[in-house]
Each structure stands twice: as C-alpha cells, then as structure tokens.
Amino acid sequence: MKHLLWNHTGFTLIEMIAALLVSAFLGAMMFAYFNSALNQSGFSVHRMQRSFELHTAMENITSDYEMIYGQEEHPGWMPLTSYAAGDIIQATIPTGHLYLCIQDGTSGETEPDWPMPDGAEVSDGSVTWMEHKGELDTLLTRLYTIESDGSQNNNNDINRYVYGTYGVVDARYIKFVNNFEVSAEPDGPETLLKIIIRNELGESLTGLFATSY
Amino acid sequence: MKPTELNQKGFSLVELIAALILMGFVGAIAGMGIVQIMDGFMFLQSNTETVQKGQIAMSRIVKEFQEIRYIPDTPSPTGIFIRYSRSPVNPADLRTLAYSSDAGTLTLDGEILVDNVHQFSLDYYETYDALPPSPTDPAGGFTENARLIEIRLEMEGPDSTVAAFTNRVFLRNLES
Numbered sequence: 001m002k003h004l005l006w007n008h009t010g011f012t013l014i015e016m017i018a019a020l021l022v023s024a025f026l027g028a029m030m031f032a033y034f035n036s037a038l039n040q041s042g043f044s045v046h047r048m049q050r051s052f053e054l055h056t057a058m059e060n061i062t063s064d065y066e067m068i069y070g071q072e073e074h075p076g077w078m079p080l081t082s083y084a085a086g087d088i089i090q091a092t093i094p095t096g097h098l099y100l101c102i103q104d105g106t107s108g109e110t111e112p113d114w115p116m117p118d119g120a121e122v123s124d125g126s127v128t129w130m131e132h133k134g135e136l137d138t139l140l141t142r143l144y145t146i147e148s149d150g151s152q153n154n155n156n157d158i159n160r161y162v163y164g165t166y167g168v169v170d171a172r173y174i175k176f177v178n179n180f181e182v183s184a185e186p187d188g189p190e191t192l193l194k195i196i197i198r199n200e201l202g203e204s205l206t207g208l209f210a211t212s213y
Numbered sequence: 001m002k003p004t005e006l007n008q009k010g011f012s013l014v015e016l017i018a019a020l021i022l023m024g025f026v027g028a029i030a031g032m033g034i035v036q037i038m039d040g041f042m043f044l045q046s047n048t049e050t051v052q053k054g055q056i057a058m059s060r061i062v063k064e065f066q067e068i069r070y071i072p073d074t075p076s077p078t079g080i081f082i083r084y085s086r087s088p089v090n091p092a093d094l095r096t097l098a099y100s101s102d103a104g105t106l107t108l109d110g111e112i113l114v115d116n117v118h119q120f121s122l123d124y125y126e127t128y129d130a131l132p133p134s135p136t137d138p139a140g141g142f143t144e145n146a147r148l149i150e151i152r153l154e155m156e157g158p159d160s161t162v163a164a165f166t167n168r169v170f171l172r173n174l175e176s
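Residue numbers (my numbering), protein chains in the order written: chain A, 1 to 213; chain B, 1 to 176.
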C-alpha cells in the first residue's frame, strides 16, 4: 500500500497565475478607491470657482437692471401741469411702462388712455407722450447675447454671454396670483422677470426683477 | 505497514531567500502605494481647509461690500485697500479692508480675516461691461462712479499650489 506522504509537487502554474490575478485585481481596486482622494482633491476648488462665476453673472445682471430701470424715481402724471420735452412720468395706476414727453405743453384735466406698444404716442392736453422703455426686454435680450469675441463653451449649453458664463434654465415674465406663480405678459404692472441661470455643475441661481411703474 | 509520516525537511535556504525577496518586492510596491494614498489624503485635507478659508473670507467680503453705503474720498480705495461705511445713519462709522502682501494676510479693521493669501486685488467697474483696469493701476480703476467691485482672492494651498477665486459685487446700497 502506498504511504501517506505530503504532496511535494507545490502549486501549479495555473494556481499561481490565478492567485496573482486575484491579488492584482483586489490591489488595483483598492488603489483606485483610495487614490480618488488625490484625483478629486481639486474638485472643491473647481466647484467654488464655478459657484462664484454664477454669482458674478447675477451681480452683472443686477447692476445692469439697476442702471437701466432702478436709478430714477419717476413722478406720476398730474393734471393741468406744465411738462417739457424730455420729462418722463409714469401713469397714476402703474401700467408697466414709462412715458416720455416729446411735445411741450400743459396736461389735460383727465389722465389719457396710456398706450402699451413700443414708441406709441398719446395726446394729453397740449402735451404729447410717447411710450418709453417699458418692460425688462433689454435685460432679457442681453441675457442671451453671446460675448462679442464669439467664444462659446458649448458645454451642456453653458456659454460665455455678456453677463458672464452660465446656462439659462428659465427666463420669463411671471406674476403671483393667490401666492401661485403664473406666467404673465411682459407689459403688466405687477409683472416680474424671473431669471434662473446655472453653471456646469448644475448649481442654479434665481433672480426676480421688477419695475415700479 | 509503514506509519504515516510528515515531511520534516522544511524550507531550504534558497526557498526562504526567494520568498523574502518576493515579499520585499510586494511590500515595497504596496508601501509606495500606501504612501501615495496617504499623501492624497493629506493633500485633500489641506486643500479642503484652503477652500473653506477662501469661501468664508469671500462670503464675508461679499456681505460687507453689498452693504456699502458710503465710500469717503480720502483715503481713496485702491487695488488692495478700501475704506467704507455700512451705516445708514453714520457715514463716519468706517471699516477698512486691507491686504498686506508681506504678511500674506487680509485684514478687516486690523483683525486678520484670512491668512496664507497669495494675492488679493480689487478692481472697480462703473458698468458690468466696462473694460478691466490696467494691472499696473494701483487704484484698481476706481472712480467715484464705480458700482461694481471684482474681488480676486488667491489662497496658498498645499504643495505650493494656489487656488484662485474671483467674484463680483454690485454696490446696490451705495448712496450717490
């Protein structure tokens, strides 16, 4: 009968290769996992830079809004009052528009029926008024104006616009009815321009812009 | 019948040396990997601290500038210094934000707001689309009609890296 002895043949080549493969696979997985700390370490800086970029764009929009619409308080229309060409007034009941005096004179006893279309004129006593820069259309137009050097990022619709680098998620006129947001016509007195912009990381920033007339 | 017996010979010297050399190789490679991984974690930690410091400093500066109501004529703001008042009732209640390149610190009323600052600059704009001031202009392009301030903060990070952050603030409360 054959004696019971230890096997002296050692591991086979197949066993060695299998063991090496398994250990290499596990080692590679662990290295990739732990090494992500190094690879991702710059992400926090990148995220903050993009976040500030978005903030910068909204500040640019806000500054332009203030320059265009917010700097002056315009008086309301008054009856039997002398007006000179260049005077700008708003209707006593806000219409969402301003009116520019283009003909000197004295206003009538009753308030005229204010026109809404761009540049429309109306007579009031001996004064002629013209609709003047109503709505927030200038802001909306510039929101979509690509930077003059024409460069675009083309990265998930993120572009370099004149206000900064962002993608437009939403830009429309709204108003609140019974605490609910509904779409509105651009020339209403209670209309707000709602702008939502985002960066390439998906962070978004919302701004609401109103007129006082 | 001969009894069952174990091999009593053990490993030979050559086998042991070969095994030790192999283990040495594997250990060296694993050690290098572990060192790199630990370096990565240390770098990440330092980087996170840098970003947090930069974020806190920038948030504070933005809040300060958003509330500016009055900027005195003298001393006039420069690219690394601005004196202003946030008080609606007392324009003489002034605050000072200043950068010291020697110390690498940004101070607010003499108190250190953030250290390890590699570079700090303030650029002033009248409109959002105005051209940037000349880099050699010590005043940072300041005029009395300036309504936007661009803040550039560069923080020294780990391993001589620099994290640069740029933000803008519209001076919405400035009384003209």
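None of these hints come from the bench; they were simulated from the model. Check the hints yourself; a few may be wrong.
Unchecked claim - Going by beta-carbon spacing under 7 Å, a handful of chain B positions derived as facing chain A:
#1 25
#2 43
#3 44
#4 53
#5 70
#6 134
#7 143
#8 147
#9 148
#10 163
As the list claims (entries may be wrong) - Derived list of chain B stretches under chain A, where covered just means 3 residues or more per stretch with a C-beta under 8 Å from a C-beta of chain A:
#11 11-23
#12 32-41
#13 73-83
#14 94-101
Predicted, not measured: the structure shown is a model, and the values here were computed from it. Glycine included, every Cβ here is placed at the ideal spot set by N, Cα and C.
Tested hints:
no.	hint	verdict
1	25	13 Å, violated
2	43	5 Å, holds
3	44	4 Å, holds
4	53	11 Å, violated
5	70	17 Å, violated
6	134	20 Å, violated
7	143	15 Å, violated
8	147	6 Å, holds
9	148	5 Å, holds
10	163	5 Å, holds
11	11-23	violated (count 0)
12	32-41	holds (count 6)
13	73-83	violated (count 0)
14	94-101	violated (count 0)
Of the numbered hints given earlier, the model fails hints 1, 4, 5, 6, 7, 11, 13 and 14; all others are met.
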